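*Asks:* The task is simple: from the sequences and hints, build the whole structure.
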Amino acid sequence: MAPRWSSAIPGWVIAAAVVGAVFVLFPLAAMATRVDWPNFLSLVTSPSSVAALLLSLRTSLAATAACIVLGVPMALMLARTAFRGQRLVRALVLLPLVLPPVIGGIALLAAFGRRGLLGQTFDVLGVSIAFSTAAVVIAQTFVALPFLVLSLESSLRLTGTRYEAVASTLGATPTTVLRRITLPLIFPALLSGAVLSFARALGEFGATLTFAGSLQGVTRTLPLEIYLQRETDPDAAVALSLVLVLVAVLVVGLTLRTSAASSLVRRGTS
Amino acid sequence: MSLAIRARVAERGFEVSLEVAEGETLAILGPNGAGKSTLLDIVAGLLRPDAGRAEWAGTPLFDIGGPRPLWLPPHRRGISLLAQEPLLFPHLTALDNVAFGPRSAGHSREAARVTARGWLAEVEASDLEASRPGTLSGGQAQRVAVARALAADPRLLLLDEPLAALDAAVAPLLRRMLKRVLAGRTAILVTHEVLDALTLADRVVVLGDGAIVEQGPTREVLERPRHPFTAELAGLNLLVGTSSATGLVTPDGLAVTGAPIAPGVRAAAAIRPSAIAVHAVEPRADNVVRVRMSDLEPRGDSVRVRAGALNADVSPGRAAALDFVPGAVVYFAFPAGEVSIYPC
Amino acid sequence: MNVRLRSLSAAAVAIAVVAGASACSSATSSATPPALSGSITVFAAASLTTTFRSLAATFQRKNPDVTVQLSFAGSADLVTQITNGAPADVFASADTKNMTKLVDAKLVDGQPVNFATNVLEIAVPPDNPASIRSFADLAKPGVKTVVCAPQVPCGSATVAVERVSGVILTPVSEESAVTDVLGKVSSGEADAGLVYVTDVKAAGSTVKGIEFAESRAAVNTYPIAALRGSTNAAVATAFVDYVIGIVGQKTLAAAGFGKP
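So the sequence lines, in the order shown, correspond to chains A, B and C. So in my numbering, spot 125 of the first sequence is number 125, and the numbers just go up one at a time. So in my numbering, spot 337 of the second sequence is number 337, and the numbers just go up one at a time. So in my numbering, spot 65 of the third sequence is number 65, and the numbers just go up one at a time.
Simulated from the structure, these hints should not be mistaken for lab results.
Not the full set, but computed from the structure, chain A residues with beta-carbon under 10 Å of chain C:
(1) A110
(2) G113
(3) R114
(4) R115
(5) S132
(6) T210
(7) F211
(8) A212
(9) G213
(10) V218
(11) R220
(12) Q229
(13) E231
(14) D233
(15) P234
Here are a few chain B residues that sit away from chain A, every Cβ distance over 10 Å (derived from the structure):
(16) P67
(17) T218
(18) P326
The model shown is predicted, which means the values in this text are computed figures rather than measured ones. We treat Cβ as the ideally placed atom computed from N, Cα and C, and that holds for glycine.
*Replies:* What follows is the structure, encoded as structure tokens:
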């Protein structure tokens, strides 16, 4: 198909779009020029760097899983039901999206901290969340959850309830409808929402710093490690930043490919 | 009676009470917004009425506003819904779409597929079993959808304009197929198409503005309509008035000559549009009505001339000769033998 | 009353300085600066925020034509900014290591001067839930201690104290900033934290400070210097002198800093 944009989009829009793209890409490229390439490998494979990367991957995966477990039901309630105060609930649930992460950290402390509202209860149960890897996962889940809910809710609304209605008249229980119809239909959105959540969790800094602390192998994720390395070893910080960018690019690239593939499948259906 | 339902939805001004006998196919006719889909949704369990009760062979499906409120969810009603669009699950093959009902009923994957193959064969779609819905044509998809609805072994089948979205070329094939599978089944068919009702239904109910305006055996209702919408649907001109010794007199004084019935009762006269000839100069005939033309409408190999409440179908050549001008006065003429008069 | 007296005496000092300047102007020009004017930017370590704000205010009152812009951040951040060309006239570092970086980069005008010291102190929540009394108490099992990461100045001081005292801590977190350590202590997440005396003082009643003898093992020295890139060397030098001088030292001592 011949490109039609040249006639359809004003030239100044194209120019602005190019400026926007450069604005995003140029600093990243500039950062790559600052990398101490001869020592790159040794910088990013230092024990503290590797520990931070592995911790980040581990906690982000756990946070993504938590987002799916909590976010799918939330999205279903928001998209498929109507209840009093639903709009308010939606706005509140999406709040972490716009809150500065530090505030998220302070809020989490107030809830789950040792002296938080639930902290005492946890203490009695012998569970201590503060300064544990679990605290990192909680902080990441808190900030990443809205991404999944948002992506799923809009997909659920787009898909509509007609397939679900048909399935129920064919004798499928609500659980069967969810498992065999709803979830497969929104799978592309679930996937991209999960990837977004993962990426958000991977980049989480403020809430983790405030809520979880920073200890190698336990709570010091890659962003915290980069922040700390900057104090003494800017070269390592730059090298690690590049690693984080590469992981992010990889994740986003994978999503685009899978969602493109699944949208092809879906296009065939309509 | 197998299904008895009465329901009210205040918001839509819907209040209907009807019954469907075991093995009977009931057609629901009515203009858009008359409440046809509302009725189906209530029966299927997709819409909760404000008040009402439905039972199947004595066991309630729902009871709202009664002493013992009850609402069976759709999956526990044994009522399948076949919509205008096939709505095949896009992520499943045709076979697994059809097997969905049996699977949901608890059958093993293999047993469900055996059942599904049987139904695909029944709708002559065996060759499509491995296809994804996205690759099927409209007619193929609707055939698979019919198989899917039937494979769930419903005690009642709801059909919501199942042929409306299909090409004229494939609709007859599917209509014949539906006639075959609906034989002896209890079904409610919502349709716009009088042909569907005539081919598939034993009885019709005509809905207008959320209420039943007339009902009865299909042929009787469609050949002797009592409601303007039914007449329009049946393609008949309908004049309502009082029977006279020579035929019928309308309230505005128009006397129609036809085979008379007992005089002095409220009666209707039905005339096929194709039985009406259109003349520019007043002709001699049993019935001549002076009318003002309002509209010309091509209808395949004929042209419909609309003039107030009456329609006449003429050949395109004849229409051209009339030199149509809106508001022009013409004469509609028809023989007494073409007028059917009956009490209403 | 007290305040009025102090401002009166400040005015007297200012008059004396102006008078002195006019008296000697014709004699040795190099010994007495001309009336100062213009603007300078001072980059100072975050731990100096309160003291430098008040010093800049009094300095400006003394020199009405002078404007002092202040920029506070971690010393390492400031060094990065200065080496990347940020327009700074004076740099006050929280440690000698970061100042040395600037000296090595030949960005310092003359020699840096040490103007203050700082030692570690134990910060505990006001109710001291773990009953901390000494540095050794921090190593007791079950005590949640938060320290600075070794990469930042307060963290390297912590490592030095551990080495000298022989008490090995197993912290639950190694933060990259003093604020984060204090935050965890004041919120009660941690039983104790190790920060500087001045930090404890600045935190007010949200935490309680516990001095300990071993802190002498790691005395942190604050150097200050005018920078070569300065566009207003006279004012920059005057500000450095002011910080080193009597008023500066008094203000610093009030905030908990030690003598250099």
